[in-house]
Structures are given as structure tokens and as C-alpha cells.
Amino acid sequence: MSSKIVFVFVAALLAGACSDGVEENASEVVAESLAAEAPEVASKPGLAVGQTTKLHGPVSISYKIIGAPIIGQPVAVDLKVVSNVGAQAITLTYRINDTTAMQFPEAQPPSVSMAATNSAEPQTQQVRIIPLREGRLFLNVSASIETDGGTISTVTAIPIQLGPAARQQQQNGTVTVDEKGEAIRVLSGED
Amino acid sequence: MPQRSTHKPNFPQQSRALPVVVLALVLGACGGGSESFSSGAAAPEQKPKVAVTGTLNYEFVPPNPVCRGLDFASTFPKPIRGATVQLIDTGTGAVLATGQSDASGNYSFANIDSETMVRLRIRAELKKTTGTSRWDVEVRDNYDLSANPPALGSRPLYVVESTNFDTGSAGAVQNMTATTGWGGASYVGDRAAAPFAILDSVYTAMTFIESVDADVFFPPLDVFWSVNNTSATSSITGTDTGELGGSFYRIGENSLFLVGEAASDTDEFDDHVVVHEWSHYFEDNLSRTDSFGGPHSIGSLLDPRLAFGEGWATALAAIALGDQLYCDTGPVGSEFNRLALGAESGSYDGSGWYDEVSVLRFIYDLFDSNDEGGDPGSIGFAPIYAVMTGPQVSTDAFTTIFSFAAELRQTLDPAGQALLDAQLAREDMTAGFDIWGVGEANTAGGAADVIPIYADLTADGSILPICVNSQFDSGRDGNKLTENRFLRITVPLTDQYDVTMTTTTPTPVTPDVDDQDQSDPDIYLFRGPQFIDQGTSPDENTETFRTPILQAGATYIAAIEDWRFDDELAPGSYPERICFEVSFASTP
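Residue numbers (numbering that gives the first Met the number 0), protein chains in the order written: chain C, 0 to 190; chain X, 0 to 587.
Please keep in mind that the hints were generated in silico from the structure rather than gathered at the bench. Errors might be hidden in some of the hints.
Sample of chain X residues with no beta-carbon within 10 Å of chain C, all distances over it, derived [claimed, not checked]:
hint, residue
1, Glu114
2, Ala146
3, Gly170
4, Ala261
5, Gly431
6, Ile450
7, Tyr453
8, Pro491
9, Phe544
The calculated SDA-like cross-link candidates involving lysine to any residue, where the alpha carbons are at most 20 Å apart (straight line), are [what the hints assert, rightly or not]:
hint, chain 1, residue 1, chain 2, residue 2
10, X, Lys48, X, Gly152
11, C, Lys79, X, Arg475
12, X, Lys77, X, Asp101
13, C, Lys63, X, Gly571
14, C, Lys179, X, Gly152
15, C, Lys179, X, Gly92
16, X, Lys48, X, Asn163
Note that this is a predicted model, so its numbers are computed, not measured. Ideal placement from N, C-alpha and C gives every residue a C-beta, glycine not left out.
Start from the sequences, fold in the hints, and give me the full structure.
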């Protein structure tokens, strides 16, 4: 049976945390493929374990974090951008939601436009950020194109791992059991 | 062996027994009113009896215009409909009464002991166990990092509880709202609204179907959501860790997984996303899907089974929700969307039978009565539903736009047929095709290996040369147009058959020993909805297997592929086009 190992993703974030800054150790993730990679499916799946996924936008973005991110030092993220709807000009817009986590260097433009190209090769861009703390931080990259029906865009949240800390578990309510012993997660309502 | 869904299966009694609800419903007859339930517990002391009533809501957060994030400033309450409501004695923990909220979120418990401290518990579940239509939906938290997590179906069910209150001497009115937990800039409290927003989207979808089929029977569905479910997969993937990579429905398992990590993507208020994924559950259970899923984007030229399934799901979401805009908001707090896709607007490359957006618009324009130019009239939803739960289930062909539209056309009057033909033409399809796509003129711009959609093969030992092609797949998705080719097989004799599939395209050996550089032919054999057999060995450049007995005169179909088109270990230099010789030979 053939193996379909999804090590690319495993390697990606680990490399981002462990590499010494040389590009060979950089992490690379095809963002638009993340949802498609069937979790827990490591071999030829046949037809019994198919998995639907959300519809993705018209632009695919893959990314490569260059080197090991260090708090307070700029880190570069290489982006490869592909239009799925033919030759189209693409505008990339960068945002950081949590300003305690990262910031942009002053020289980093908030958006960049790329002209349409007929080449099948992905277009490339580089964005720089400065991590401000450890943990898994997110850079949002929105790609927009113009179509006959107007602007259509899609965002990719790029995780950037700082340090060895695992992804922080978010809490939501408390787990207990009900009158039958079934596990329930109790959330508070407002009277 | 893969299991295929069948139409309207004779579901046994629902596997999740619901004694409490059943008891409540029985007792409810004594309490008066269809939504009023009385206590069945023997009162330890003879207190006067009172009623406890109220209204239950959850906070819904609409999207910003063009789905650019969630608009928390416009949050408004919506009723919690059809959920299980329990009245809990705070002293003993006993359930004093159980019922369901009505379509306005109201509940009522009669015959409750007065002056008793109680609290409300609202379970994120929909249980309809009486009447001609049935359903059973639960929203659970899949996230579990323990060493031995329980089965997914036993993960914690979401509930929301009120504060304690006194039933009083004359009864009590206790309203409750499941709130978002939003603090103005981030989530700061329990995200209690989320599971009920999901539940309500499913309720909307199910009651919409019920409006055209009063006898609809939905098998149990588990919906899994967590604040730790993320679309940003990192070192570990899996449902236990919440590393989902995105929201999805798992075919054949009646399990729907939704993301909820605020920093990357949340879907609980993206009702189109919820109902889209639920529509896959519908197709999987009440109709039939031959799609095997996988990644898909606007503009992708897809395997037609996948294109139909995805287009159908987006169309049903728009139809059931009464909103033509598919809205998938992005990370909470951002002004970005993941996608805003109108069923009535926009134009993208690649229209046709392999384009999910074309399928979406075709179905939606048949349904809707809005003429945005070119779609006058409407056939309504009933004929669409009838085909999806009838001929589309039993069709001899794979489930594609061809089987759906060809079967639907036969059920329509001349005006409906004209509307259907016109909508096909608008989406670059050829009116008049049959379930096999014979008559379709759209060849994806003359690309190789697109036509015929089904290659005919007689099972007499003759050899069929046929090629698969990854020309539309920029990754290793394996689900794009021409990566799978379809066979229509004529069987002359009732017999077992030896199937042989041999690669004829040279596949150069690469220096990297880890490369999977040789072809891996695979074949899946069906008779309509029935899976027959498969040849999916890892053997290089050949596939052979012996079928069970095939019936003379029956129509069989097969999908063939080269697994390397799915294989991340295939080298970048692997040929884009791979050709095979396929034969079915009667056994001696």
C-alpha cells in the first residue's frame, strides 16, 4: 500500500522553530492545501474515508518561513502566490490582529500589487514581521483579484511558531457529567 | 470495503436512545400544550405545583459586508429552536423535567414543585423522535489531548446553564441567552453562543427539507466544534488535537467538524459553511455521493463527481438559508474574508460540468425566482429534492451534473425543461446530454483526456487504451479533471472477470530512493450505487484482480487513476500524463 505521508506539514513548523537561519531549513507550507490534507489518513484511502473540505478562494498561497524566528528580530516569510482563475493581477494585504504578538518593521508595506502573468510559475513576495513573544503567532495575508463580478479575496492565516511552547490550549467552559454520566461541557448562559 | 450510501435506507431505531426526551414527551401530554412538560418524579414533599417558563436565545454575529470578518457590533439574539431543555434541582442534581424549546425559543414546564432552587440546562442537541420526520443531532467538543481519549461520539456535549433560581410560590419566568463571550477586542468569556449557532443552522436546513418531505428521516449526526479547532495545521494533525486544517464533513461517518480558533478562522457564525458541510451529510445519507472529497478552489477544474458534490452543497446552503451569498469570514477581528461567493453574481474561468461554481449556479438558478438575466422562472425545490433522493441515488452512472440534470429534465414540463436547458447553456454545458455525458460539447478548451467522459469497454478480453492526466492539478490533490477516468463496462457473460490494468507510459527512475517514481494504477468498480470491488495494490505499473461474479447485461462503471497523482512522494518530474491498457477477461 502506498504511503501518503504528510510530513511536509510536520517538517514545516518544526523546521521553523529549529533551523539556523539557512534557507535549506526553512519551513514551507502550502496553505491552500492544508484543509485538503486529510488528517489521520496516512495511506491510500480508497473510497471509504473521503473527506469534504471548504471551498477555497481563487488564489492559493504557500509560504516559507526563513530561518528560526527570534523575539525582537525581523523574520522573513516568502510567499508563493498562484491564481486559480487564470492570469489576474493580485493584491496582497498583510495584517497582524494581535499586536502584542508581532509587528511589522517600518519598511514593510501593508500591501503589494502583483501584475497579471501568463506564466504557470507562482509569483513570489516576501513579507517581514518582528515577533514580540513566544507561542504560535499568526500573520494574516489576504489575496484579492478583480473579476467580472467584482473583487474577490481570500485570507490565509500563517502560523509562526516562536520557541518550543506548544500551541496554547484555549478554555471554554468546564467538563463534567450529566445525570446519566455522559460527559458535558458546561458553558455559562446569561439570565 | 468501501460502503456506499443508499437512498432512504431503512434506518433501524436510532442508535442514540433518548429515554429522557421520550419520557418527557409522554408526560408532556399531561401537562397540556405541545411544548409543555411535567415532572415525572415523585415529589418528596407535597409542595404546591407551579410552572417554569421562559425564552431561550443565543447571540448571533452577522458578517460584515462581503463577509469581511464578523460584525460584533451588530450582534443580535436569535431563538434557540428545538433544543433539549432540562430543569435541574440544584440540591440533588436530579433532572426535574425535560422538554424542547419551540420554534420561537420558548419552553414551558408545568407541575414543578414551588419554592425549589433549580437551574436550566440547555443541551446543544436536536432530538425529534416522534412524528413522521425524525432527526438526532448533537454538538460535541472533539478536542482531547488525554492519553486515551474516548470515542468521538462520547466527547463532551455542549450545554449552557443558567444561574440558580427559585421556582417561587407562583412559578417563575426564566429566560436565558447563550452569549458570544466577546469582550470588544477578543473573546473573554465562555463562547456559549457558538454551539447553538451551529445547531440552529442545522435546524434551519433540516426544517427546510422537512418542508418538502414531511416524512424525512435524518440519521444521527455528530457535529464537532472547539475553540481549539484550527485551520492552521502544524506539527500534528487530527481531530483530537483540533488540528483540522479547516472545516469538513467525513463521508460515511456522519461526522461534521468545524473550526473555532479565533486567531485563524471560526465557522460557527458562518451559517453557509455549516449548512454546506451539512449538505454533504445530506448527500451522503439521503442521496448518494460518489465524490471522494479533497481540496478545491474557485477556478479549479474538478473531477465531475467532486464538482457536483461541492456545487450541490453550496447551492443547498443558499437555498435553505434563503441567502444567495456564501459567506466564509476570516480570522476573528480581521477585516478579511476567506471567501464571499454569490450564487447570482461574479464570473470566473472554467465554467462547465467540472466547475463547482457552475453546478452551484445551475441548481440555484433553477430554484430561485429572481431573474438576474437569463434565468426567468423557477422549478422550485421539490423536483430537485425528488431527483436527489430518487434517480440520483440509483443512477447507473457516477453522481455528476450529467446524472442529475438528465434525470431532472425528465421530470419537468416543457417550460421547466427550457429553463433547465437555458441554465446549462449559461454555464457552458450542452443541453440534451444523457447521464453519461454523451452529447456534452464542452471539452475544457480541447484539453487532452477529457472526452469521452465514459470510455466504453466490453468485458471480452479486449484492450482499452486510456490515459489519465494531472494537467489541472498544481499539487498532488488527485481530484482534478482527468486525473480519474471513467469506464462504462458491458458484460457479455455472467462470470467472474480478471481485470488487468497496465501502465504503458515510461516513468523514469529518479536518483532519490525515496521517490515513488513508478506508476501505481488503481481501479474502482461499481454497479450504480453498489461498490463491487477495487484493485488498489501498491504494485508498480500494473494492477490485477479477479472480480466477483458480474451479471450479464448489467451496466458496470469504473474509475481508474494513477495513485501517483495523489502521492506526495511522487517526484516533481513524474509524467503529467499516464496511459494504461485496461481489460476485463472472463475467467476460465
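Results for each hint:
Once the 10 Å rule is applied to beta carbons, Glu114(X) is consistent with being away from chain C; the minimum gap is 19 Å. Separation of Ala146(X) from chain C is adequate, the least Cβ-Cβ distance of about 15 Å exceeding the 10 Å criterion. Taking the minimum C-beta to C-beta distance to chain C, about 16 Å, the non-interface status of Gly170(X) holds against the 10 Å cut. With a closest Cβ-Cβ approach of about 8 Å to chain C, Ala261(X) is found to fall inside the 10 Å limit, against its non-interface label.
For Gly431(X), the requirement that its beta carbon stay farther than 10 Å from each beta carbon of chain C is met, with the minimum near 28 Å. The beta carbon of Ile450(X) is kept farther than 10 Å from every beta carbon of chain C, the shortest such distance being approximately 22 Å. Under the 10 Å C-beta cut-off, the non-interface status given to Tyr453(X) relative to chain C holds; the minimum distance is some 18 Å. The beta carbon of Pro491(X) is kept farther than 10 Å from every beta carbon of chain C, the shortest such distance being approximately 27 Å.
Even its closest Cβ contact with chain C, about 13 Å, leaves Phe544(X) beyond 10 Å, as expected for a residue assigned away from the interface. Only pairs whose Cα atoms come within 20 Å are accepted, and Lys48(X) paired with Gly152(X) is rejected, the gap being roughly 38 Å. This hinted pair checks out: Lys79(C) and Arg475(X) have alpha carbons roughly 17 Å apart, not beyond 20 Å. Distance hint between Lys77(X) and Asp101(X) is fulfilled; the C-alpha atoms sit about 12 Å from each other, no more than 20 Å.
Taking the CA atoms of Lys63(C) and Gly571(X), the gap is about 18 Å. The hint holds against a cut of 20 Å. Between Lys179(C) and Gly152(X) the alpha-carbon distance is near 15 Å, which keeps this suggested pair within the 20 Å criterion. For a cut-off of 20 Å, the pair hint linking Lys179(C) to Gly92(X) stands: about 11 Å separates their Cα positions. A threshold of 20 Å between alpha carbons decides the hint, and for Lys48(X) with Asn163(X) the separation of about 19 Å falls inside it, so the pair holds.
When the structure is compared with the earlier hints, violations turn up for hints 4, 10 and for no others.
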